[in-house]
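*Asks:* Here is how the chains run, residue by residue.
Protein chains: 2
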Amino acid sequence: MEIDKLKRVIRRNTLIDGSRRENGAEHSWHVGMLAMTMGEHAPPGTDLERVVALLLVHDLVEIDTGDCFRHDVPGETRPSLQQDGPGPDTLAAATRIFGLLPHDQRVRLRALWDEFEERRTQEARFAKALDRLAPILANHHNEGGTWALYKVTARHLADSVRIIHEGSATLGAYAARMIESSVARGHLAP
Amino acid sequence: MEIDKLKRVIRRNTLIDGSRRENGAEHSWHVGMLAMTMGEHAPPGTDLERVVALLLVHDLVEIDTGDCFRHDVPGETRPSLQQDGPGPDTLAAATRIFGLLPHDQRVRLRALWDEFEERRTQEARFAKALDRLAPILANHHNEGGTWALYKVTARHLADSVRIIHEGSATLGAYAARMIESSVARGHLAP
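If you read the sequences in order, they're chains A and B.
Going by full-length UniProt numbering, the first sequence opens with residue 1, and the numbers climb by one from there.
Going by full-length UniProt numbering, the second sequence opens with residue 1, and the numbers climb by one from there.
Heads up, some of the hints might be wrong.
Heads up, the list lumps identical chains together, so a pair's fine if it works in one copy or across two of them.
[What the hints assert, rightly or not] Listed next, the in silico SDA-like pairs over lysine to any residue satisfying Cα-Cα at most 20 Å (straight line):
#1 5 / 46
#2 5 / 20
#3 5 / 137
#4 151 / 41
#5 5 / 49
#6 5 / 37
#7 5 / 156
#8 5 / 17
#9 5 / 146
#10 5 / 21
#11 151 / 20
#12 5 / 36
#13 151 / 117
#14 5 / 142
#15 151 / 43
#16 5 / 186
#17 5 / 176
#18 151 / 121
Keep in mind that the hints were calculated from the coordinates and are not lab data.
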C-alpha cells in the first residue's frame, strides 16, 4: 500500500516521446528491465538478479524526499542533490519506509538500498550505472529532451559518465558517445 | 527504447488513492515488489528472483494489444479478455516485441513471458497470483475502487481467487477475506 505512492513521485525527465514527466515507479521498472537486457556489459560474475532487486528498491525513499535531481533547476528553491551519498532527510526516509516492514523484510530490503547507495559491490556499481544511463538514453533519443530546459551541459554529465564507467566500461564508453553525438547535433551544450 | 511505451498503456484500475488510472510499467514494478515482500507465502523452493523477472516482462505485449481487462466494460466495444491464455493478437505482439532483441535475449525473455502465460511452474503460478492480487488489494483499500464502475461483483472475482489460490494458498485465503469484507462493507456487489 505504501509504495504505491512512488507512482506519484514525478521525476524531472520525461518519457522518451516527451509526452509527460516520468514517475519513480515506472522509472524503477525501466531500469530493472535494463538490468535484464544489458547484463552482457556487466563485469563477469555480476549477480544480475540482485542488480534487478537493487534497482526496484533504489528510489523508494523518494516517497518522502521527492525526486533527487542532480542539476540546478532555475527558479526552484528546493536544493538539488549535488553530493554523492544520502543526506540526513534521505536516511530518515529510509528508516521510516523500510521500518513499516516486519523485521526480516526490513533488514533485507534496507540492506539492498544501502548496498545501492554505497556502491561497494559490482552489483551496486552496475545498478547505479544503469540508473544514470537511463536519462541519457532518453534525452539522446529525444533531441536533447529535458537537457536544454534544465541547462544541463556535456560538462555536467561528466559525473554520470564516470559513474556509468565504474559500473561498466562498455556502457561508460557508450554514454560518452551518445553525449558527443548529442553535442555534435546541437541537442546538448558542450 | 521500445518498452518505454508500456508507460503509456493505461490499465482500468487506478492508483490506490484513486487519483488516476495506473499504467502497465508502474504496475509491473509494483507486482515485482510484491514478489520481493510476499515470498514467505510462496510454496517452499520457489525461486523468487525468477518470479520478479516473470512479473517485469509479463505485460510487455500490452504495448501492442493494450490492457487486457478481464471483465465486461459497459459501453466499450473492444472485446475484453475472457479466456485464459494468449489469443492470436497477443502472440503476434510477443513475436514482434521480443523479436526486436538479439537472439539470445529474445529467447530468454520470450521464455519468461511464455512461462508466465502457461503457469506450469510454481514460479509462474505465484507470479500470476500476485498479478491478480494487486487490483484486489488496491480496490479493497479504496472503498471498492473501480469495481462499481465496471460492475464487477464478488462472483466475477471467483476466477481471480482461484488463480491466486493456485499460486499461494495463504494469499488465496487472504484475497477471499478481502472480497468478503468488501461485500460486507457495501463496497462490492455479491
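*Asks:* Hint by hint, say whether it matches the structure.
*Replies:* Quick rundown of the hints versus the structure:
1. Neither within a single protomer nor between protomers do residue 5 and residue 46 lie at most 20 Å apart by alpha-carbon distance, with minima of 31 Å and 28 Å respectively.
2. Both within a single protomer and between protomers do residue 5 and residue 20 lie at most 20 Å apart by alpha-carbon distance, with minima of 18 Å and 12 Å respectively.
3. In this assembly of identical chains, residue 5 and residue 137 lie within 20 Å of each other by CA distance solely across copies; the values are 14 Å between and 26 Å within a copy.
4. When the C-alpha separation of residue 151 and residue 41 is checked against a cutoff of 20 Å, the pair qualifies neither within a copy, at 30 Å, nor between copies, at 49 Å.
5. For a Cα distance limit of 20 Å, the shortest separation of residue 5 from residue 49 qualifies neither inside one copy, at 25 Å, nor across copies, at 24 Å.
6. Taking the shortest alpha-carbon separations for residue 5 and residue 37, only the inter-copy value of 17 Å comes in at or below 20 Å, while the best intra-copy value is 27 Å.
7. In this homomeric assembly, residue 5 and residue 156 never come within 20 Å of each other (Cα to Cα): the closest approach is 30 Å inside a single copy and 28 Å across copies.
8. For the homomeric pair residue 5 and residue 17, the shortest alpha-carbon distance between copies (9 Å) is at most 20 Å, but the shortest distance inside one copy (24 Å) is not.
9. In this assembly of identical chains, residue 5 and residue 146 lie within 20 Å of each other by CA distance solely across copies; the values are 18 Å between and 24 Å within a copy.
10. For a Cα distance limit of 20 Å, the shortest separation of residue 5 from residue 21 qualifies both inside one copy, at 16 Å, and across copies, at 13 Å.
11. In this assembly of identical chains, residue 151 and residue 20 lie within 20 Å of each other by CA distance solely inside one copy; the values are 19 Å within and 31 Å between copies.
12. In this assembly of identical chains, residue 5 and residue 36 lie within 20 Å of each other by CA distance solely across copies; the values are 17 Å between and 25 Å within a copy.
13. For the identical chains of this complex, residue 151 and residue 117 are neighbours neither inside a copy (26 Å) nor across copies (46 Å), given an alpha-carbon limit of 20 Å.
14. In this assembly of identical chains, the alpha carbons of residue 5 and residue 142 lie at most 20 Å apart only when taken from different copies (14 Å versus 28 Å within one copy).
15. When the C-alpha separation of residue 151 and residue 43 is checked against a cutoff of 20 Å, the pair qualifies neither within a copy, at 33 Å, nor between copies, at 52 Å.
16. For the identical chains of this complex, residue 5 and residue 186 are neighbours neither inside a copy (37 Å) nor across copies (26 Å), given an alpha-carbon limit of 20 Å.
17. When the C-alpha separation of residue 5 and residue 176 is checked against a cutoff of 20 Å, the pair qualifies neither within a copy, at 34 Å, nor between copies, at 25 Å.
18. For the homomeric pair residue 151 and residue 121, neither the shortest alpha-carbon distance inside one copy (33 Å) nor that between copies (50 Å) is at most 20 Å.
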